[in-house]
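Number of protein chains: 2
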Amino acid sequence: MSDIRTQNLQKPVTVAEYLFRRLNQIGIRSVHGVPGDFNLVALDYVPKAGLKWVGSVNELNAAYAADGYARAKGISALVTTFGVGELSAINGIAGAFSEHVPVIHIVGCPSTISQRNGMLLHHTLGNGDFHVFANMSEHISCDVAKLVKPSEIAAQIDHAIRECWVRSRPVYIWLPTDMVEKKIEGARLDQDIDLSEPENDKDREDYVVDVVLKYLHAAKNPVVLVDACAIRHRVTEEINKLIEKTKLPVFVTPMGKGAFDETSEHYGGVYAGTGSLPEVSKRVEGSDLVLSIGAIKSDFNTAGFSYHTSQLNTIDLHSDHCTVRYSEYPGVAMRGVLRKVTERVDVYKLSVTPSPQVENAVSENKDDSQTITQAWFWPRVGEYFQEGDVVVTETGTSNFGIWESKFPKNVLGVTQVLWGSIGWSVGATQGAALAVKDLGQDRRTILFVGDGSFQLTCQEVSTMMKHNLRVTIFLIYNEGFTIERYIHGMEADYNDIIRWNYTDIPAVFGAKEGHAQKFVIKTKDELEKLLKDKDFNEFKGLQFVELWMPKDDAPRALKLTAEISAKNNSRIEDEQ
Amino acid sequence: MSDIRTQNLQKPVTVAEYLFRRLNQIGIRSVHGVPGDFNLVALDYVPKAGLKWVGSVNELNAAYAADGYARAKGISALVTTFGVGELSAINGIAGAFSEHVPVIHIVGCPSTISQRNGMLLHHTLGNGDFHVFANMSEHISCDVAKLVKPSEIAAQIDHAIRECWVRSRPVYIWLPTDMVEKKIEGARLDQDIDLSEPENDKDREDYVVDVVLKYLHAAKNPVVLVDACAIRHRVTEEINKLIEKTKLPVFVTPMGKGAFDETSEHYGGVYAGTGSLPEVSKRVEGSDLVLSIGAIKSDFNTAGFSYHTSQLNTIDLHSDHCTVRYSEYPGVAMRGVLRKVTERVDVYKLSVTPSPQVENAVSENKDDSQTITQAWFWPRVGEYFQEGDVVVTETGTSNFGIWESKFPKNVLGVTQVLWGSIGWSVGATQGAALAVKDLGQDRRTILFVGDGSFQLTCQEVSTMMKHNLRVTIFLIYNEGFTIERYIHGMEADYNDIIRWNYTDIPAVFGAKEGHAQKFVIKTKDELEKLLKDKDFNEFKGLQFVELWMPKDDAPRALKLTAEISAKNNSRIEDEQ
Ligand SMILES: Cc1ncc(C[n+]2csc(CCOP(=O)(O)OP(=O)(O)O)c2C)c(N)n1
Ligand SMILES: Cc1ncc(C[n+]2csc(CCOP(=O)(O)OP(=O)(O)O)c2C)c(N)n1
Ligand SMILES: [Mg+2]
Ligand SMILES: [Mg+2]
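Taken in order, these protein sequences are the chains called W and L.
The opening residue of the first sequence carries number 1 in UniProt numbering; numbering runs sequentially from there.
The opening residue of the second sequence carries number 1 in UniProt numbering; numbering runs sequentially from there.
Hints in this document: simulated from the structure, not taken from any laboratory.
Note that beta-carbon positions come from the ideal geometry of N, C-alpha and C, so glycine has one too.
Accuracy of the hints is not assured; some may be wrong.
Said to hold, decoys possible - Computed list of lysine to aspartate or glutamate pairs in EDC-like fashion (alpha-carbon distance at most 20 Å, straight line): (1) L/Lys-529 <-> L/Asp-367; (2) W/Lys-52 <-> L/Asp-493; (3) W/Lys-52 <-> W/Asp-438; (4) L/Lys-297 <-> W/Asp-129; (5) W/Lys-52 <-> L/Asp-367; (6) W/Lys-149 <-> W/Asp-203; (7) W/Lys-149 <-> L/Asp-201; (8) W/Lys-48 <-> W/Glu-181; (9) L/Lys-52 <-> W/Asp-438.
Stated by the list, open to error - Every beta carbon over 10 Å from chain W, so not counted as near; a handful from chain L, in silico: (10) His-217; (11) Asp-320; (12) Asn-410; (13) Gly-510; (14) Glu-546.
As the list claims (entries may be wrong) - Ranges of calculated distance between the beta carbons of each label pair, as one might list FRET restraints: (15) W/Lys-532 <-> L/Glu-138: 53 to 59 Å; (16) W/Val-132 <-> L/Asp-201: 29 to 35 Å; (17) W/Val-132 <-> L/Pro-47: 34 to 40 Å; (18) L/Arg-499 <-> W/Asn-240: 45 to 51 Å; (19) W/Ser-570 <-> L/Lys-149: 14 to 20 Å; (20) W/Ser-570 <-> L/Lys-245: 56 to 62 Å; (21) L/Arg-499 <-> W/Arg-204: 55 to 61 Å; (22) W/Val-132 <-> L/Lys-149: 26 to 32 Å; (23) W/Glu-491 <-> L/Asp-367: 55 to 61 Å; (24) W/Ser-570 <-> L/Pro-47: 15 to 21 Å; (25) L/Asp-320 <-> W/Gly-27: 48 to 54 Å; (26) W/Ala-187 <-> L/His-308: 33 to 39 Å.
Just chain W, same shape as in the assembly (with noise of 0.2 Å):
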């Protein structure tokens, strides 16, 4: 075992210690999976690195959970077993690259011995490939590192690393059980990983700019639209240096919302085309140049692609290429051109015009009922929001509703609009909570679920009570699936779901005494005095809110989305 390789390394160390020592050293704290046979002997080495093993429920949920804590966190860790484990987590890992969500996903897998010996080992397929959930992987990761020399392991961690961080999207990790405990140079690992983006050519990005800031300067009512790719790939700081300075008006999109200050004087609320308020879609589609940032431009985060924007106006930065009108400038980074036009722009050659004032207009959508209305209730939740909070999301009429929620400062909003995998938010919270708890912040984390969606991956639950995090649960019960009604299928059986005892779901899933705390609410006074309730707002453990709300109502931008969802679905060409 000790050959003349191991002899000659510096500081040998295990290949598990190296990995997981690296993982601490980008900010790592958790690691999320689920054991199996070909993961043990690594999973040894998690506590020895100084990491925490959450030790999910199931690998789905797992995947989600990861996605959470990186969104919360920055990046994070998902280790699961060959086959059964990693299929099990695909889908929430397709999310997470799909959302541009830096996750490390770790594969234990048989030995290379077995494999090249083709053993018929469980969790195979029983016909000798072991590359075949490898190569699924492949689609949904921008690194997929085999580690089977160990020469050559180090070296294969630290890129899957950079390039998971770099380009913010998962990797993939494969560690046969042989591969374990072979000794590397540990030397390496007194030197962190080179994790910074690479600088765009110079005279391209100057060229940009200089495009950039003729627009910009020459622009009457100009507005900044800021979404998605700003948050994961890391620009909210330049873009706030922007506003500082330049003080033009700056719209989010649902996936951005978040990305800015709600309570800055320059905020004006959310963008999403004809899903927007009025006064939003007049002021983004009345401007004469819209300084895109991080642009997704999905149908649920444009309410259907109702954006009335023109091409002619806009100027779209993204992770790797600007965009300026029709003109295209591959390979050029938003990072460095936000920073130079910041820089470089003249504040005196800018037509600034004041943003829309955005509030939570309970008042105005306040009816005479006890029923808790979609239109009251999102702008009411925004009164309940503090400093600091982590507010989630899920697909169904929440993720719409929330666009009527004005943040308070330093909300991080968390959500899943262009992969839509309902259940997501669930294990998103459970991740982001834990994010915030390894921050050694004390801050709430705040779900807003629908009863449809929360059957999916409820027993995430456990996993939130056993590490003690701070959640608060809003399950939306609305008898099934709404979102879904107002596509296709208002009263069909297929939209209905079993009603569950939600509330007994914290005790049924170990909560301990005093640590989880549940409530119904039925009525319009009942949330008033829930919301207002001073222990209700600093509990510390799990609380679980059984919201009722009509099965036919919905948020004001899920039905226009969702009409023309349908319309799209259905749109039929002649026969071929």
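For this one, chain W is given, so just place chain L with the ligands on it according to the hints.
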């Protein structure tokens, strides 16, 4: 819309109607799955085709349940939505592929028009690639049918269903929203799909039969060993006829358990190498001719590759080839060979030795304590089983313990030994119980599941109750992953799990008054009483039994297998 082609149709039907009527024709009565906007319109046609929509709690459970349904009813179908739904199910489908279970996976996907226009839709990776998920599924499907051209769709559907059945593996059907209601030729429906297996080439088949008979007639103590593919490829009737005529001793592997009547005098027990009872391994390994039918010699099916049989004494019959000693006969399928061997065997030339006696060794394994030991438990439940029971076991102690239970007549054994994805059994139980109900049979479906495995997919209990299924769940409460402890980390935290209030699960997930019962069983006496209780035996609803067993106790065969697995995982070669 009514173009020339549509006008030329004799009996125009929509694609969705055609598809679902085909499912009905081949014996499917319930369709598993979860709605999504890309499959909603198709779902309208489910009841119209005389099918029941299950309305699963999530897609992975749905896939597991479809797997269980197919095992009990021959074939099954699952509907998911593009991306998020299909990827959530993919681990379940991979299991069906691995274990030769015919599941038709129908994926509702975006309209061909949206695809052609490269629209940035929800549930995509945001990169305009609409084929990426189908490409993943291709690895685990024996046919992929993308329904995009109406004139070809009927033939594609028929072909996919035929492949699914004949090859006994999953197929993937890709149904864009704009194809759902296209009109195709319904007249084809008047003729059933040809599901007959292709015949063997007569001369090759005769040749193999001659060789088999030569060895069979010459053997001194031949035995028959029945494995999984005998069940999956539906040759159990052929085996019965062979044994009826020859009276040869029959053994089954763990994956083949249930394939042969265990009350028959010819039945000799479970063979799994060193994992077998001594009389069994003596008989099988002492035999000079093992006629092995449908073998899958995987690690967990052979107690860690511990067969002591020689290929020189073995005839292997498979669904797509046969092997006699070292001679291979590709393309010669077992059914034809078995039939002709039965027909032509000369019983006077056979040397038949009696089978070992198989009994539930209850008293032999009883100790003085009240502790419910693994050794005592499994023979004891063997006595509790009744004719016709469906018995489901999970990866963990139960999959190995069940070897020690003798089944009454017509018991269907359901286990996933090769793929071994935990949580599977809970879904599979729902599917199998529903299949039994769809068959109009009043059989008991009995699940043995570890506490660890149960946590992954617990919400499937909700679906069991929604459909009023007759299910008894024995949850083995042993504080975590005992099987993993035996492989690595006997005391490791990662093998512990949170204690749930398991018996409250039915109530939380919507049990109706009188439809569910719960029990906590900690002692041998309590278990004795329960298993003899008339009401417990005859109850028609859901029963949940929390069964306390020691954390560090495992069936004999599991201990052996775990040790060998651990060795395989850690085997190290010299540095390369
Ligand atoms: C994994 C997955 N399966 C299916 C869907 C399709 N889908 C989207 S929203 C939805 C219903 C959500 O219902 P609920 O959570 O109750 O939301 P609400 O009633 O508030 O609209 C479904 C089934 C999906 N997006 N993801
Ligand atoms: C989806 C999946 N994840 C992880 C594993 C690895 N694994 C195999 S058995 C097992 C533990 C099962 O524990 P339990 O169900 O309690 O069984 P028992 O205690 O009876 O052995 C685990 C985690 C797996 N097989 N499948
Ligand atoms: Mg709902
Ligand atoms: Mg257990």
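Hints, verified against the model:
1. L/Lys-529 <-> L/Asp-367: OK: L/Lys-529 and L/Asp-367 at ~17 Å, within 20 Å.
2. W/Lys-52 <-> L/Asp-493: Holds, at about 11 Å.
3. W/Lys-52 <-> W/Asp-438: Holds, at roughly 10 Å.
4. L/Lys-297 <-> W/Asp-129: holds (16 Å)
5. W/Lys-52 <-> L/Asp-367: violated (41 Å)
6. W/Lys-149 <-> W/Asp-203: Measuring from Cα to Cα gives roughly 41 Å; hence the hint is violated.
7. W/Lys-149 <-> L/Asp-201: violated (47 Å)
8. W/Lys-48 <-> W/Glu-181: Judged against 20 Å, a Cα distance of about 13 Å means the pair holds.
9. L/Lys-52 <-> W/Asp-438: violated (47 Å)
10. His-217: holds (31 Å)
11. Asp-320: holds (12 Å)
12. Asn-410: holds (28 Å)
13. Gly-510: violated (5 Å)
14. Glu-546: holds (12 Å)
15. W/Lys-532 <-> L/Glu-138: 53 to 59 Å: Cβ of W/Lys-532 to Cβ of L/Glu-138: about 56 Å, so the range 53 to 59 Å holds.
16. W/Val-132 <-> L/Asp-201: 29 to 35 Å: holds (31 Å)
17. W/Val-132 <-> L/Pro-47: 34 to 40 Å: holds (37 Å)
18. L/Arg-499 <-> W/Asn-240: 45 to 51 Å: holds (47 Å)
19. W/Ser-570 <-> L/Lys-149: 14 to 20 Å: holds (18 Å)
20. W/Ser-570 <-> L/Lys-245: 56 to 62 Å: Holds, at about 60 Å.
21. L/Arg-499 <-> W/Arg-204: 55 to 61 Å: holds (60 Å)
22. W/Val-132 <-> L/Lys-149: 26 to 32 Å: holds (29 Å)
23. W/Glu-491 <-> L/Asp-367: 55 to 61 Å: holds (60 Å)
24. W/Ser-570 <-> L/Pro-47: 15 to 21 Å: holds (20 Å)
25. L/Asp-320 <-> W/Gly-27: 48 to 54 Å: Since L/Asp-320 and W/Gly-27 have Cβ atoms about 52 Å apart, the given range 48 to 54 Å holds.
26. W/Ala-187 <-> L/His-308: 33 to 39 Å: Taking Cβ atoms as reference, W/Ala-187 and L/His-308 lie about 49 Å apart, which means the hint is violated.
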